[in-house]
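Trainee: Residue-level listing of the chains:
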Amino acid sequence: MRTRRSVFKDESKLDINYVPSRLPHREKERRLLMEFFDFLLRFPDRMAQRVLIEGEVGTGKTALAQRFGADIVMEANKCGIKVHYLHVNCREYRGSFFLVLQHAVAVFRPNFPKRGYSAEELLGTLMQCLDEDNAFVILVLDEFDSLVECEGSEAIYKLTRLQEVRQGRPQRLSIIGILRDLSLLEKLDASARSTLQRNVISLEKYGRAQLMDILNDRISLAFEVSTVPEDTVSLVSGLAESESGNARFAIELLWRAGKYADAESLDEVVAECVRKAVSSIIPMLRKSELESLGLHEKMLLLGVARFFKDSSKAYASLVEVERAYAVVCEEFDERPNSHTQTWKYVQFLSSLGILRTEIATAGIRGRQTRVSLPSIPAAELEKELSLSLEREHVVK
Amino acid sequence: MKILKLISRLGALNVSEIARRVGSNYAATDKHLRLLEAEGVLQERTYGRVRMFRFSEGSAKAKAVQNLIEVWEQANNK
Numbered sequence: 001m002r003t004r005r006s007v008f009k010d011e012s013k014l015d016i017n018y019v020p021s022r023l024p025h026r027e028k029e030r031r032l033l034m035e036f037f038d039f040l041l042r043f044p045d046r047m048a049q050r051v052l053i054e055g056e057v058g059t060g061k062t063a064l065a066q067r068f069g070a071d072i073v074m075e076a077n078k079c080g081i082k083v084h085y086l087h088v089n090c091r092e093y094r095g096s097f098f099l100v101l102q103h104a105v106a107v108f109r110p111n112f113p114k115r116g117y118s119a120e121e122l123l124g125t126l127m128q129c130l131d132e133d134n135a136f137v138i139l140v141l142d143e144f145d146s147l148v149e150c151e152g153s154e155a156i157y158k159l160t161r162l163q164e165v166r167q168g169r170p171q172r173l174s175i176i177g178i179l180r181d182l183s184l185l186e187k188l189d190a191s192a193r194s195t196l197q198r199n200v201i202s203l204e205k206y207g208r209a210q211l212m213d214i215l216n217d218r219i220s221l222a223f224e225v226s227t228v229p230e231d232t233v234s235l236v237s238g239l240a241e242s243e244s245g246n247a248r249f250a251i252e253l254l255w256r257a258g259k260y261a262d263a264e265s266l267d268e269v270v271a272e273c274v275r276k277a278v279s280s281i282i283p284m285l286r287k288s289e290l291e292s293l294g295l296h297e298k299m300l301l302l303g304v305a306r307f308f309k310d311s312s313k314a315y316a317s318l319v320e321v322e323r324a325y326a327v328v329c330e331e332f333d334e335r336p337n338s339h340t341q342t343w344k345y346v347q348f349l350s351s352l353g354i355l356r357t358e359i360a361t362a363g364i365r366g367r368q369t370r371v372s373l374p375s376i377p378a379a380e381l382e383k384e385l386s387l388s389l390e391r392e393h394v395v396k
Numbered sequence: 001m002k003i004l005k006l007i008s009r010l011g012a013l014n015v016s017e018i019a020r021r022v023g024s025n026y027a028a029t030d031k032h033l034r035l036l037e038a039e040g041v042l043q044e045r046t047y048g049r050v051r052m053f054r055f056s057e058g059s060a061k062a063k064a065v066q067n068l069i070e071v072w073e074q075a076n077n078k
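Going down the list, the sequences are from chains A and B.
When we follow this note's numbering, the leftmost residue of the first sequence carries the number 1, and every step to the right adds one.
When we follow this note's numbering, the leftmost residue of the second sequence carries the number 1, and every step to the right adds one.
Be a bit skeptical, because a hint or two may be false.
Stated by the list, open to error - Think about it this way: if two alpha-carbon atoms lie no more than 20 angstroms apart in a straight line, the pair counts; the simulated EDC-like pairs of lysine to aspartate or glutamate are:
id, chain 1, residue 1, chain 2, residue 2
1, A, K9, A, D213
2, A, K82, A, D10
3, A, K259, A, D10
4, A, K114, B, E17
5, A, K344, A, E322
6, A, K114, B, E44
Calculated from the structure, these hints are not laboratory results.
No experiment lies behind these values; they were computed from the predicted model shown.
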């Protein structure tokens with residue numbers, strides 16, 4: 001018996017915690033971060049840095065910080081400087097300054113008592129540990145807004161003005177705050193805010209082409225050669241772009257689609273796998289929404305569903321949609337509507353989020369509209385619509 | 001010996017934790033720790049209100065005790 005091959009080469013490369021060796025479209029920001037911390041390698045105890053990284057969900061904030069962390073620790077090791085990169089998700093610690101510091105202290109003194117001390121005492125302990133070990137820390141506060149919300153200005157003030165009570169001693173604690181929106185810092189008083197906002201790195205949302213580059217990078221690491229067609233990459237990128245350019249969503253979606261391909265013993269991650277994956281992430285279109293469609297809208301959609309069910313393609317041209325619609329009309333003894341009307345159906349279904357239309361440049365023949373079925377598995381949609389249309393036909 | 005084995009296994013510990021783990025009271029544990037510190041086997045570090053004890057760095061006695069415990073444990077595990 002032949003052992004079935006998986007489409008995956010190494011699934012761990014699609015894990016949320018995996019930090020790739022290269023960050024496509026974030027290289028400039030990574031270099032800027034290295035610039036900000038350049039002093040740490042040259043004059044380690046003379047300065048501490050504070051940087052904010054801002055950007056929407058899935059814009060690579062955490063990955064950027066972690067990549068930078070791994071790089072700077074490696075560089076510091078070469079120079080014989082003890083730099084620790086400490087990444088703390090403040091939300092996981094319920095936005096508590098005390099718990100964040102407790103975690104930090106435990107890295108250096110694992111048996112340090114867990115209770116009975118104030119956050120301020122813990123901060124003092126952390127600095128003492130660093131002095132004893134002659135070490136430096138880059139404390140990354142991910143989901144920084146959660147800390148700001150729970151603790152307000154006081155905690156931030158203590159963190160950023162730490163050196164004022166350590167006059168003449170080495171500066172050992174640098175801070176990187178990661179948050180979605182700088183406006184979340186408005187809750188802080190002016191003095192706490194001013195110490196933070198000197199160095200801000202803003203990450204723009206990824207565009208479709210950028211998402212494709214990111215996916216292609218991960219595909220080369222995680223999937224076997226030629227198992228993910230270009231159409232699938234394009235479909236996933238399009239979906240992730242509409243999810244605010246969320247690269248994390250794109251990678252997770254691709255992983256799920258790969259799982260569906262494996263479950264069905266397919267050699268490739270075809271578009272239908274992506275649709276199944278999306279429907280497992282995004283709530284499925286409710287049956288009542290399908291029922292509320294008109295007869296011809298349903299027939300057109302059934303045609304589209306059949307087209308995608310029988311094809312591994314991720315996109316259909318308008319001509320292909322019209323042909324598929326005409327076949328369904330014939331089946332139900334209906335006269336197909338005109339091209340203009342068909343186009344209106346497509347637009348309506350697109351406005352409901354069931355279909356997606358986009359303009360593609362098609363070489364020398366100019367621009368072409370292409371239609372995709374982004375989030376509903378074609379087979380399930382076909383089953384649902386066939387039942388609904390048969391019922392309607394019987395009533396007639 | 002219990003205290004030394006404990007610190008050898010877990011590293012630096014505070015007085016209350018040592019007392020709890022060896023099943024002794026705070027005062028008695030503190031007395032033993034002071035003796036071991038005076039002998040140069042252990043050293044104390046104070047972090048605010050927390051006193052932590054560990055093997056003395058660079059002490060020949062501490063090194064010898066650690067080696068003894070290691071050999072002892074290995075022999076017991078065979």
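Trainee: Please flag the earlier hints that this structure goes against, numbers listed from lowest up.
Mentor: 2
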